[in-house]
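Protein chains in written order, with the UniProt record's numbering: chain D, 1 to 228; chain L, 1 to 292.
A portion of the hints provided could be inaccurate.
[To be verified] Taking beta-carbon pairs under 8 Å as the criterion, some of the chain L residues facing chain D (in silico):
hint: 1; residue: F121
hint: 2; residue: A125
hint: 3; residue: I237
hint: 4; residue: F240
hint: 5; residue: F247
Note that these hints are calculated values from the structure, not bench results.
Since we're looking at a predicted model, the values are computed, not measured.
Heads up, the beta-carbon is just placed ideally off N, CA and C, and yes, glycines get one too.
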Amino acid sequence: MERLMQMLSDYNVLAAFWTTIQLTVYGAIGALVLGTIVAVMRVSPVAVFSRAAALWTNVILYTPLTLIAFFFAFGVLIKMNIRLLPEPPATLLDQHFAMGVVAIAVYHSSLVAEALRSGINTVPLGQAEAARALGLGFGQSLREVILPQAFRGAIAPLGSTLIALCKNTTVVATISVTEAAALMKSMIEFYSDLIVPIFVIMVTGFVILTLPLGMFFTWWSKRAAVLR
Amino acid sequence: MSAQNLLFDLPGPRARARHRVLAVVGVLLIAALVAGAVYLLRNELRWAMWRPFIDPVTWTAYLLPGLQATLTAAAISVVTSLVVGLLLGVGRLAAQPVVRAASGVLVEFFRAVPVLMMMVFAYYAFIYSGVLRGQAASLAGVVVGLTLYNGAVIAELVRSGVHALPKGQTEAGLAVGLTPGQTLRSILLPQAIRAMLPALVSQLIVVLKDTALGYLIVYAELLQRSQNLAANYGNIIVAFFVAGVIFVLINWALATLAHRLEAWLSTRQAGHVLHVAEGGAVLTGDETPAVR
Chain D
1 MERLMQMLSD YNVLAAFWTT IQLTVYGAIG ALVLGTIVAV MRVSPVAVFS RAAALWTNVI
61 LYTPLTLIAF FFAFGVLIKM NIRLLPEPPA TLLDQHFAMG VVAIAVYHSS LVAEALRSGI
121 NTVPLGQAEA ARALGLGFGQ SLREVILPQA FRGAIAPLGS TLIALCKNTT VVATISVTEA
181 AALMKSMIEF YSDLIVPIFV IMVTGFVILT LPLGMFFTWW SKRAAVLR
Chain L
1 MSAQNLLFDL PGPRARARHR VLAVVGVLLI AALVAGAVYL LRNELRWAMW RPFIDPVTWT
61 AYLLPGLQAT LTAAAISVVT SLVVGLLLGV GRLAAQPVVR AASGVLVEFF RAVPVLMMMV
121 FAYYAFIYSG VLRGQAASLA GVVVGLTLYN GAVIAELVRS GVHALPKGQT EAGLAVGLTP
181 GQTLRSILLP QAIRAMLPAL VSQLIVVLKD TALGYLIVYA ELLQRSQNLA ANYGNIIVAF
241 FVAGVIFVLI NWALATLAHR LEAWLSTRQA GHVLHVAEGG AVLTGDETPA VR
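Only chain D is shown next, with the shape it has when bound in the complex (with noise of 0.2 Å):
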């Protein structure tokens, strides 16, 4: 117990929690706008955006994220020399974390356009055929009628994005940003006795953040489905 006591003391596991959490909002927020920005090109007219965007799709659904996030941390911050944030305050780890920022939202844009795709699909097609025949062009018809639908449809499987997207922060332990997984793998190895309580303590946090976002989302996809 003591022990226990002056592990939590050595290493600040609230602070790893924090870095967690950060990761997963500003992830979700990038692979959000991106993953939108996909699904309307794979939906649209126009042939070398809806190509571009099933490559860009399917190309990163097949690649591993920790691959992903190795390309930003090595070619883009290292090879490229492009740094995301002002360089006096920041130092290379907040490079690492904005790249590995970038990473998970690369990824998840992919999944979440996807999960709009899906939640198009549930737009029956007798409102698309009624907004044209109100006489709006596609990106009209797209911003006034589908996509409002489509995203309370695709509130379920934008859920799970969001809690996949949560687990896979720890996937950026890869390039050195001390998150959560990070913080267990030091802590296991400097108090080896411990395994099983830090194990415990740091899966409890986890459930705690996944839990009640599973719940909401459930909540929320049935409050807000579009009765038909």
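Assemble chain L onto chain D, guided by the hints.
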């Protein structure tokens, strides 16, 4: 597919002209992005960086052993997660409330914990307990992590596969005098497993991608080997690019197989074909059974 075509009218002459302009702009934009990335990486993409790949040693010493390790971990994990998934799935359908509740808690737990954390825990548990060492411990860590997570996903597949079957199947089984257990084993499960097949193949893609997490517990899979290769030749971008192409090709083949299976099954089976969303949520084509 047809739904998407009906999102917009058949383009007239003016819309076609506009689309042509947009297409040109789109191609230029994409070309500019690619060209910019290639320009910034021009030193990394020199011929010298690609030359190691025509040397057979690069393949025999780095990439093929890495690929073999990746495939080994994935293959073992698929078999073990099938076993775990069937056990937990049948447990969730069991008549005894205690078994049902215990299986439910386990499934929810394994789905809520990040795979990487289970891998790290299992790896160090093997090391500290002295059961396994070195690469064996790494492989076991990867397999345990992947098995627990994917086993839970498969358990959910089994459960929703059975629930998606028409009620008459259970009733018929009970009516001819089979016990509930026999009904499950000989009538419901065979049909549910067939409906699961495409989803199981797609789950293979998830397993294969997640073997790359073994990097953190020093499992010498494809990414780790690519990095070793890059450390030797200083060609990190090209090495990762080649590893990425290998991953995409294998997973693309698996996805094609899953689509074929799904098309084949939908001509042979009245029930619903199941899908798994990333994150392990199971989707039936329709929430209600086809036959009432």
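| field | Violations among the numbered hints | value | none
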